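Student: Just so you know, the protein sequences line up as chains H and E, in that order.
Quick note on this note's numbering: the first sequence kicks off at 1 and runs consecutively.
Quick note on this note's numbering: the second sequence kicks off at 1 and runs consecutively.
Since the hints were made in silico from the structure, they are not lab data.
Bear in mind the structure is a predicted one, so any value in this text is a computation, not a measurement.
Don't take every hint at face value.
Said to hold, decoys possible - Simulated DEER-style distance windows between Cβ atoms:
#1 E:Gly19 with H:Arg27: 24 to 34 Å
#2 E:Thr21 with H:Val23: 48 to 58 Å
#3 E:Gly141 with H:Leu24: 36 to 46 Å
#4 H:Asn70 with E:Ala79: 35 to 45 Å
#5 E:Gln176 with H:Val82: 45 to 55 Å
#6 H:Leu25 with E:Arg155: 34 to 44 Å
#7 E:Phe150 with H:Leu25: 48 to 58 Å
#8 E:Gly19 with H:Ala26: 47 to 57 Å
#9 H:Tyr56 with E:Gly38: 16 to 26 Å
#10 E:Ala53 with H:Ala26: 30 to 40 Å
#11 E:His132 with H:Trp37: 50 to 60 Å
#12 H:Tyr56 with E:Ala60: 29 to 39 Å
Stated by the list, open to error - Listed next, the stretches of chain H that the computed footprint assigns to chain E, with coverage defined by at least 3 CB atoms under 8 Å from CB atoms of chain E:
#13 31–38
#14 54–65
Note that beta-carbon positions come from the ideal geometry of N, C-alpha and C, so glycine has one too.
Listed below, chain by chain, are the residues.
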Amino acid sequence: MRLTCPLCGPRDRREFYYSGDAVLLARPATDAPPGAWDDYLHNRDNPAGVTQDLWYHEQGCCSWLKVTRNTVTHEILSVESVAGTSTAGGAA
Amino acid sequence: MPDLIAKSALGLPPLTHAGTTLMESALPQITAIAPFPGQTGAVGDALGLAFPAPNRVTEAGDARLVWAGRDLAFLIGAAAPDGLPASVTDQSDGWVALTLSGARAVDVLARLVPLDLRGVQRGQAFRTALNHLPLVLMAEGEGAFTLLTFRSMARTAWHEISDAMEKVAARTALVQ
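My request is simple: use the sequences and hints to build the entire structure.
Tutor: So this is what it looks like as C-alpha cells:
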C-alpha cells in the first residue's frame with residue numbers, strides 16, 4: 001500500500017501512522033449536546049465502501065493527512081494535507 | 001567553558017562488501033531552520049541559499065540546505081547567521097552521518113529504505129526511514145549517499161546497513 005503525500009510524493013505505508021476516523025477533524029462546539037460529543041468520541045461507522053481517515057506521515061514530513069479510501073476495493077481516492085500547503089513550498 | 005573533546009559516534013573503520021563502502025563521516029554541523037510563517041523567501045535571502053522544495057537540496061560552496069520535513073530544513077556545512085526570521089536550533093550533536101558509496105549502494109539501501117533510489121541524483125534528499133530508524137537520505141551522485149540518523153541509534157544503523165551489505169555480497173557471490 002502506498003499513500004501519495006502532498007509534500008513528499010508516493011511513499012510506502014511503513015512511513016505512516018494510522019490515527020483513525022477523520023471525524024476527529026469536526027470537533028463539536030463546547031456547548032454542543034451530549035449526543036454530538038458521544039458521536040465525536042465514541043461512535044464510528046464501519047462502512048463497506050468509501051471512508052475517510054487520518055494518517056500521520058511519521059517517517060517523513062510530519063504532516064497530518066486526510067485520506068479518502070475505499071475499504072472494498074482498497075483504492076486510495078485522495079490524500080489531502082490537513083493544514084493545507086502552508087509555507088512548506090520552496091525552490092526546486 | 002571547558003574545552004570539550006568531540007568524539008565520533010562510532011569510531012569504526014570503513015567497511016567494504018561487494019565493492020560498496022560504508023563509512024562514518026566527520027561530525028557535521030547541523031542547524032535546523034524552521035522559517036516563521038511566510039518567511040521562507042526571507043530565510044533563503046539571508047542564507048544565500050534558496051529554501052528547498054520537498055525532497056530537494058540547495059547548495060552554495062560548502063553550505064547545503066536540506067529539506068527535512070514540513071517547513072523545516074537542515075543547514076549543513078555553514079553556521080546560521082543571527083536574526084533569521086525562523087526557529088533555529090543547533091542539532092549537531094544529535095545526529096550521525098554515514099556515507100554509503102559503490103556499485104551496489106542502491107541494492108543495499110533497497111533492503112532498508114522504502115523508496116526507489118534507482119536514478120536519484122545529487123540535489124535530491126529524502127526524509128524517510130532506515131528500517132524503523134528516522135533517516136535523512138542525501139543523494140551525492142551516482143551510487144553515493146549520505147545518511148543522517150540519530151546519533152543515539154548510530155550502532156543500530158551501522159548494524160542494519162552492514163547486515164544488508166553482507167547479504168547483497170553473498171547474493172552476488174552466489175550468482176557468479
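Student: Taking the hints in turn, state whether each one holds.
Tutor: Against the structure, the hints:
Evaluation of the 24 to 34 Å hint for Gly19 (chain E) and Arg27 (chain H) yields a failure: the beta carbon distance comes to about 56 Å. The supplied range of 48 to 58 Å is met by Thr21 (chain E) and Val23 (chain H), whose beta-carbon atoms lie about 51 Å from each other. Evaluation of the 36 to 46 Å hint for Gly141 (chain E) and Leu24 (chain H) yields a pass: the beta carbon distance comes to about 44 Å. For Asn70 (chain H) and Ala79 (chain E), the Cβ-Cβ distance of about 51 Å falls outside the hinted range of 35 to 45 Å, so the restraint is violated.
At roughly 51 Å, the beta-carbon separation of Gln176 (chain E) and Val82 (chain H) lies within the given 45 to 55 Å, and the hint holds. At roughly 41 Å, the beta-carbon separation of Leu25 (chain H) and Arg155 (chain E) lies within the given 34 to 44 Å, and the hint holds. Take Phe150 (chain E) and Leu25 (chain H): their Cβ atoms lie about 31 Å apart, and the range 48 to 58 Å is violated. Gly19 (chain E) and Ala26 (chain H) have their C-beta atoms about 56 Å apart, which keeps the hinted 47 to 57 Å range intact.
At about 25 Å, the CB distance of Tyr56 (chain H) to Gly38 (chain E) agrees with the hint of 16 to 26 Å. Range check, Ala53 (chain E) to Ala26 (chain H): Cβ separation about 32 Å, and the 30 to 40 Å hint holds. Range check, His132 (chain E) to Trp37 (chain H): Cβ separation about 36 Å, and the 50 to 60 Å hint is violated. For Tyr56 (chain H) and Ala60 (chain E), the Cβ-Cβ distance of about 34 Å falls inside the hinted range of 29 to 39 Å, so the restraint holds.
Only residues whose C-beta sits within less than 8 Å of a C-beta in chain E count toward coverage, and the stretch 31–38 of chain H has 0 of them, not enough to reach three; the restraint is violated. Residues of the stretch 54–65 of chain H lying with their CB closer than 8 Å to a CB of chain E number 5, which satisfies the three-residue condition for coverage.
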